[in-house]
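Visitor: Now for the letters of each chain:
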Amino acid sequence: MLAYLIRRVAQSGLVLLIVGMVAFGMFRFVGDPIDNMLGQERTQEDIDRLRGQLGLDQPFAVQYFRFLENAVQGNFGVSYRQGRPVSDILLERAPATLELAAVSGFLAIAMGIALGVFTAIRRNGFTANFIMSASLIGVSLPTFLIGILLIYIFSVELGWLPSFGRGETVRIGNWTTGFLTETGLKALVLPSITLGLYQMTLIMRLVRSEMLEVLRQDYIRFARARGLRDRVVNFRHALKNTMMPVITVIGLQLGSIIAFAIITETVFQWPGVGLLFINAIQFVDIPVMAAYLMLISVMFVGINLIVDVLYFLIDPRLRADRAGAH
Amino acid sequence: MTEPVLSIRDLSVEIPTRKGVVCPVDSVSYDIAPGEILGVVGESGAGKSMAGNAVIGLLNPPARIAKGEIWLNGTRIDQLSGDAMRRLRGKEIGMVFQDPLTSLNPLLQIGDQLTETMLTHLDISRSEAEKRAIAALQEVGIPGAADRLNSYPHEFSGGMRQRVVIALALCAEPSLIIADEPTTALDVSVQAQIVALLKKLCRERGTAIMLITHDMGVIAEAADRVAVMYAGRLAELGPVREILTSPSHPYTDGLMASTPLASRGKSRLHQIPGSMPRLNAIPDGCAFNPRCPYAADKCRHDPGPQGVEGRAACWFPIVRERTA
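Here the protein sequences line up with chains A and B, keeping their order. Once you know that position 134 of the first sequence is 134 in our numbering, the rest is easy, because the numbers rise by one and skip nothing. Once you know that position 147 of the second sequence is 1147 in our numbering, the rest is easy, because the numbers rise by one and skip nothing.
No wet-lab data here; the hints were simulated from the structure. There could be a bad hint or two in this list.
[Said to hold, decoys possible] Calculated cross-link-like contacts (lysine-lysine; reagent style DSS-like; alpha-carbon spacing at most 30 Å): (1) B:1067 <-> B:1298; (2) A:240 <-> B:1091; (3) B:1019 <-> B:1067; (4) B:1200 <-> B:1091; (5) B:1019 <-> B:1298; (6) B:1131 <-> A:240.
Please model the entire structure based on the sequences and the hints provided.
Guide: Next comes the structure, spelled out in structure tokens:
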């Protein structure tokens, strides 16, 4: 177990190092930020001074190592556009994105598993077939369209929910939360549905097909032959065996919920890191882009690490195999 | 004669398909007495397992009981509701499946699988259930039973797993066990152990066992009586000695002749020409007639008498001189 964990952490570190290389590469190859930062009336002196200040006149290797050194300490330099440390800006924006991702992730997992199990158990029922057909909408409609449709129905026509922003937020230490105010909660509804719908339908369809597969297994037949209640057979015996592949996909999808938040945040003008990233692209604000890239990859790698540990907790066979093999 | 534990009367199972209704079990009747092992033999697809599934109420839809009655300890059970039938499963009828490697839930400790079965059916406390779980494992011959409760199925060998499966089928003390090919997936040496175990349990507890198999060796070793099935019908039913030594249905005769025996030496093994008809192409008359060496005109038109105890389902049963 420990050896396996250490190996996985080392692999994760390698992935992050490579992503760091790409992120850093952007500094070198995506335009010259100096052009953007200084206006038309710049002198060569200004350019050289700024270049020196930002460390852009150093050799590649030196710059890369300095970048890594700073990145490990959470320092991603200064935003070209806002002139403030990128880490401060990210910290300011992160709560909005994380709260949105948490709500839509929870929605996607809870509803996805519940509906998946339901449609698998009642696979010939009318309701289950209806849900399966309806889920095609979730899979096939692009996120921005769902967002705009929801805004049109619930904000413009019905006027029930706000169409943009986070509503009022409460500050707790460094964290701003929308969970504690009514407007904050209302503002969360549409974006989190928009963001979570695709993941929900994906999880639901996966749970359904895995569950149908498991329900065909001998041990399920045997559980029924032992006279166990349907509830016990379905949830204790079948669902647990369904979870392995589902957890893998949920892990990947949680990562993409945060990554895809860009679109949802743009549609709803949600003041999170996704919106920050879009604005950064428009202004070639490379430190922000690089930091965002690193942040997302840390999250992906971290979630996958957690998924690997969850495998161990769920499946006793892995524990034995690993112990024997290493 | 004591009242039978299980009594099947004129049971038919049918499956509606796109090409019409097929009948994998056709008008079958047999009884099993307490403490008796009834061997049910036949080729794959002869309907042996399907009859067992019908008894325990686990037919996969769209298969369904078309006609007939199933009685268990004097109660008719083929018309019970889903939940009443569920209560009977495990408590009155235990089942052992073919493949012990896939019969146990890989993610649950065997102790949990045992106690959950007992707690479902018996009104006992959890600690009492654990005590009985240990006793059940000991009874089926698992060494160090108390320490194995927390083991997962993958930590057992195939033969040991089949013992666990048998312990699971027995733990609520059912009066009937349906063992569907319990030895087919095991090594020959382990097979003998499992058969001996089933016999022992049958003798000590008075449990009736329906032993479904296609292995004549297992039948010869374990069964008290034998039901031979062919294409969904009962070909012949009788005490194991009679069926093995003087079969009266030509199919049983062919089956016996094609069982390899060491005593017969190296002579070429007999085989029955052709193969069992598919369910949607059962011939008119006796289902065995195209393969039967003795078939006459009558056999091609008239299905023949129903197989019952002591009478083969054949117009022209083989009559032998009793070698006294």
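Visitor: Hint by hint, note whether the structure agrees.
Guide: For each hint, the structure was consulted:
no.: 1; hint: B:1067 <-> B:1298; verdict: 27 Å, holds
no.: 2; hint: A:240 <-> B:1091; verdict: 25 Å, holds
no.: 3; hint: B:1019 <-> B:1067; verdict: 21 Å, holds
no.: 4; hint: B:1200 <-> B:1091; verdict: 20 Å, holds
no.: 5; hint: B:1019 <-> B:1298; verdict: 28 Å, holds
no.: 6; hint: B:1131 <-> A:240; verdict: 26 Å, holds
Taken one by one, the earlier hints all hold for this structure without exception.
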